[in-house]
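Note that the protein sequences, when read in sequence, are chains A and B. Residue 205 in numbering that gives the first Met the number 0 sits at position 206 of the first sequence, and the numbers go up by one each step. Residue 209 in numbering that gives the first Met the number 0 sits at position 210 of the second sequence, and the numbers go up by one each step.
Any given hint could turn out to be false.
To spell it out: a stretch of chain B is covered by chain A in this simulated footprint if at least three of its residues, at any positions, have a beta carbon under 8 Å from a beta carbon of chain A; those stretches are [as the list claims (entries may be wrong)]: (1) 245–252; (2) 348–360.
Example chain B residues on the side facing chain A (calculated, C-beta under 8 Å, incomplete) [as the list claims (entries may be wrong)]: (3) MET164; (4) GLY232; (5) TYR317.
Far from chain A, some chain B residues (derived; all Cβ distances over 12 Å) [what the hints assert, rightly or not]: (6) CYS120; (7) SER171; (8) TYR238; (9) ASP262.
Hints in this document: simulated from the structure, not taken from any laboratory. For every residue, glycine included, the Cβ atom is placed at its ideal position computed from N, Cα and C.
Number of protein chains: 2
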Amino acid sequence: MSRKILILGIDGYIGWALANELIDKDYDVFGVDAFFRRTTIKSLYPISSKEYREDQVYILSDDIRYSDILIELLYESPDAVIHLAEQPSAPFSMTHNGAMTTQSNNVLGTLRLLFLIKEHCPSTHLVKIGTMGEYGTPDCIIPEGVIPHNCLDDVWPKCPMSGLMFPRSPGSFYHLSKVFDSLNIKFACDTWGLCSTDIMQGIVFGLAHETRFDYDENFGTVINRFCAQALAGIPLTIYGEGGQTRGFLPLTDSLKCLQIAIDNPPPEGTYRTFNQFAHIMSVKECAELVCQVANDLGIAASIQHIPNPRKESEDHHYHVVTDNLHNLGYEPNLDFSSVIRDTLLTLIPYKHLINKDIIYPTINWR
Amino acid sequence: MSRKILILGIDGYIGWALANELIDKDYDVFGVDAFFRRTTIKSLYPISSKEYREDQVYILSDDIRYSDILIELLYESPDAVIHLAEQPSAPFSMTHNGAMTTQSNNVLGTLRLLFLIKEHCPSTHLVKIGTMGEYGTPDCIIPEGVIPHNCLDDVWPKCPMSGLMFPRSPGSFYHLSKVFDSLNIKFACDTWGLCSTDIMQGIVFGLAHETRFDYDENFGTVINRFCAQALAGIPLTIYGEGGQTRGFLPLTDSLKCLQIAIDNPPPEGTYRTFNQFAHIMSVKECAELVCQVANDLGIAASIQHIPNPRKESEDHHYHVVTDNLHNLGYEPNLDFSSVIRDTLLTLIPYKHLINKDIIYPTINWR
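Build out the structure end to end from the sequences listed, making use of the hints.
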């Protein structure tokens, strides 16, 4: 019997790609989406209509904070709920209205989901997408979720805080909302015996399964935005020095990792964290890589440093433990050049559609 | 010129007592309250009407998440905003509806307040009441808010995580909401240069300035509940073994500490934490103390252990740093017996009003 997978946020960048990946592998997929993103930003890659997608997959339109539709789907006792139904933009969350929307949608949506899982399907595995940005950029090694027994610098045999959540230093009200989700989920697992994989995901880029592609200030992740800038013939804008170092992974790797999470649920009552990315790079290195790949394709690309609208360190330590996924067999695709090349080639036919006016940052953290 | 103090939640247990304490000391006090509590639970001590209080102090009725009234008050650039306008019950927060209400009210209310302070009075000192319950009961020393440079057991010269927020282990969705507030406030201070004192307050008990007195399952704090049980002639109910150890302080000490916070604002851009309580006791010791004081007054009081509705450790380490308030001159009142005695004597005339049906715990954490 095929495994039942409920995807919340199934119409999104990762959601739609994941749905198709799982359908191709004979999972029984159904989903929910509020279709917020379609009301604001148009995908550069021309995605299929809401109606077409609803014909392909069983999708219900819903805001998970309020409606009863989610309850009906949870009655089906899915093997896993993949929760992607969150407002994902850090810049948007730094406006007054955006912050309220983000923390209301994300925190209250996840909180309600926890209660509904407890009430209707307590054995269901909740796979939640958090972000590596929950941790910020501390001066020490970043463990997977919890402070390990051995101290973080391997010098001391035991940390007095071992077993506690590793302290988060998020950099926006969006990243804060993900931290709040993590704390609510851990509490629900500890208190009610739910089981969850909380994924601290790096920055995703590239395309898969005809999913959407965003490049604007709010919803474009950095490598995707650089690809769009290269295609539009405008400079790739690095915020500040570009020394900001992060974990990155191709969308196809994100799908691989999510399937690993789904196929290997933790024991009941377990809150588990995955630090999920393929490779660590600085923003400057990302820009240089996109430039090089674009130039190899005959697309003239250049780099411009602009004032950093964010408040973040541009020169910092970044050392992250990623054992959990590797121990479950994740083999990262480190050939980022090929992924960027494929992305550029796929998008060339649509490059005239790029709106150059929505790329440059207008929202300042301060 | 007297200092302008805006109290959010001015009609509450601490809010009304603080307003009167500050008015007596010639501060210029004004306030906001949504008057939620008056719609549900009746104070055992007969409090003055909403209208009477509005005659005494400039109070506006408002839900701080939504209305424009708060903006008008912040235009006055108060020297300090004392934020007490939060849903304060842990048991209530463990119900589905209660959890949603608590995290919506507390997290979104505080988030909006941060934006409004930034927009209208960025130099105002935000004094926020959090709870010692944010920390839970870890096996190590609890510092004041942030992991100190020296490791928590004084054995190691430097902690690799020094400077990061001390990891929180809250025990209910209410306590979680206070952690989320703390993280939002710290971020706003770090990012926008706001200044705030975030108070990790112990469990308050006793009376002052004709304020309300609650003793029910949801809103009665433990020593106050024990006093009501003694007065009602029913056993003082200890949840489980009663080894749960917490910091406690009389309401009059809470007022003293809040005045210290108001009179000693931190520098601009500073997020400061106070661990605020007078004395550490176990719940069993509290019950025994109330019994003894009651018996000395001729009130026959006894103790009954009942199954613990909460999920919490009943035998644990508890060692807390409380330097910040002591360095600013706080001298705790350790004579808890006298405070309990005064509380019982004040409430004797109203003991026939105690509703015994609302004391026993009905909400189970699991």
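So, going through the hints one by one against the coordinates:
| no. | hint | in the structure |
| --- | --- | --- |
| 1 | 245–252 | violated (count 0) |
| 2 | 348–360 | violated (count 0) |
| 3 | MET164 | 5 Å, holds |
| 4 | GLY232 | 34 Å, violated |
| 5 | TYR317 | 14 Å, violated |
| 6 | CYS120 | 15 Å, holds |
| 7 | SER171 | 8 Å, violated |
| 8 | TYR238 | 15 Å, holds |
| 9 | ASP262 | 29 Å, holds |
Violated hints for the displayed structure, listed by number in ascending order: 1, 2, 4, 5, 7.
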